[in-house]
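Now for the letters of each chain:
4 protein chains.
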Amino acid sequence: MDTALTTGPAPEFEVAAWLNTPGPLTLAALRGKVVALYAFQMLCPGCVSHALPQAKAMEALFGRHELAVLGLHSVFEHHAAMGPQALAAFVHEYRIGFPVAIDQPDPDGPVPRTMARYRLRGTPTLMLFDREGRLRHSLFGHQHDMLVGSLMGRLLA
Amino acid sequence: MDTALTTGPAPEFEVAAWLNTPGPLTLAALRGKVVALYAFQMLCPGCVSHALPQAKAMEALFGRHELAVLGLHSVFEHHAAMGPQALAAFVHEYRIGFPVAIDQPDPDGPVPRTMARYRLRGTPTLMLFDREGRLRHSLFGHQHDMLVGSLMGRLLA
Amino acid sequence: MDTALTTGPAPEFEVAAWLNTPGPLTLAALRGKVVALYAFQMLCPGCVSHALPQAKAMEALFGRHELAVLGLHSVFEHHAAMGPQALAAFVHEYRIGFPVAIDQPDPDGPVPRTMARYRLRGTPTLMLFDREGRLRHSLFGHQHDMLVGSLMGRLLA
Amino acid sequence: MDTALTTGPAPEFEVAAWLNTPGPLTLAALRGKVVALYAFQMLCPGCVSHALPQAKAMEALFGRHELAVLGLHSVFEHHAAMGPQALAAFVHEYRIGFPVAIDQPDPDGPVPRTMARYRLRGTPTLMLFDREGRLRHSLFGHQHDMLVGSLMGRLLA
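Going down the list, the protein sequences come from chains V, S, U and L. Sequential numbering from 1 applies to the first sequence in full-length UniProt numbering. Sequential numbering from 1 applies to the second sequence in full-length UniProt numbering. Sequential numbering from 1 applies to the third sequence in full-length UniProt numbering. Sequential numbering from 1 applies to the fourth sequence in full-length UniProt numbering.
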């Protein structure tokens, strides 16, 4: 459930477009902050009912000073139903205020590029990066708020 | 919150297409059953978190012998994000087993035909029809399960 | 799960004392109203988390004009911990506003008199009486709000 | 909401009796572990619905190797309803498996001794002690699981 990808700085995200941010974000530019990245799909029930509310709670509890909460829309199924325009409507209706990246589609297959690069098993997946940009946790599925809080506490300590 | 539309049999739905049913359904053909029709939009948060689970609970509790639970996808905003293909993906991912009608779009405006005909204020709206096909309740917004149960109990009595 | 006790008027409750009412209540005096009686124990977790909130919701939804919501404290275990003084503290802390009867203890055994007379299997049990004072439903355990609502709807119809 | 009591090791608890432990526990003997102490009352609704389930979740998530979860029954009202025998029944019915201390009553007033010594404002209060036995957090009222997790994460780091 929790596998570190690498020991050095994690690879950058491959992103087709960003929502809720004036310009593209990179792990390099976020160095110094803890980064919580939620890979999700807008039509994934567990993402909608648990992961995205958890992401909102995280931002509300820890603020934006030491932590960056990001979404990564990693569509690997129902591509026609979850394009950029649909995502924009979803982000608006669900009042998502944090930056959301659209994972770069791969013309050769259903799995988008960042999802493949990070070997994600599905959505939701929560990835936690430390202040040095290293991937410290990659958690697939529904995670208890207290567990996520404890990992955040250790990274923010 | 609860306004009867008419005293006689309610007007038929205007439907572009149906999901989860071998053929079109009509109020006339459902005469003899109580009909619970949930007007919803797939990107409406209250529909997803409350109305559709309530519709599933209704079908599980009362069965299909005396009751027909139906969905009506009445899209009046974000039309490009909630087309038929997106709805099919949504119905699949959310394990919706009851028939779902796609409200007939109106080429002259954003509000689809059945929504306009029934003067719905938004989504979710629960419409309850008695065994004679008369609209008895039209309830906009989040409704307590116990209230809905009591209305069902009276109609099924 | 649902067994009618009798076909005629139900036997009266045997009650040691009442809380939240100026005088004793009887089924005979409540004739004309639907009566929802929740048998509970103050240290029964399912009673506290589900049955009593449901009783409050019932009173809030249907009011006191056609319906009487009552509690029946039927202690059959941990008697020393659930005496009248403890119950009064519980009723105060949990903001229970409806009348609560203390089931008459039986000097010869742990099961109090009304519980025995009505052959209750445990707590919580919801008993629903129609306007003629007949016991129509006796439901042991956690009941879905929608189911309870539908039974209420039929009895109030 | 969060006030450290002292900078040095915290004062020991004054305890009339312990449940769920073969012998008395002391902060001194728990040195080396993080200690999470939940002050509660068995008839306090917020304690029952939120704090005690949170204490159970904490033990389930973090185990007993590095963390000691304890209850402190600090009765300051309804004393007759919350005596040791009642508490034992409560602990049994609510399946509380961690050690629970009964705060030493004060013959001169309603507030028990540990509650007074730690200046608790009411129940529930969560007190977190670090591995050196220092009180690091004293949190009155309902606390978000993620917040509690983050404090635990920092103390366990």
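No lab work stands behind these hints: they were computed from the structure. Among the hints, a few may not be true.
Straight-line C-alpha distance at most 35 Å; calculated DSBU-like pairs for lysine-lysine [claimed, not checked]: (1) L:Lys56 <-> U:Lys56; (2) S:Lys56 <-> V:Lys56; (3) V:Lys56 <-> L:Lys56; (4) U:Lys56 <-> V:Lys56; (5) S:Lys56 <-> S:Lys33; (6) S:Lys56 <-> U:Lys56.
So, partial list: chain L residues that the calculated Cβ filter (under 8 Å) puts toward chain U [said to hold, decoys possible]: (7) Cys44; (8) Ala81; (9) Ala86.
Just so we're clear, the structure is a prediction, and the values are computed from it rather than from any experiment. Glycine included, each C-beta is placed from N, C-alpha and C at the ideal position.
In ascending order, which of the hints set out earlier in this document are inconsistent with the structure?
No numbers; nothing is violated.
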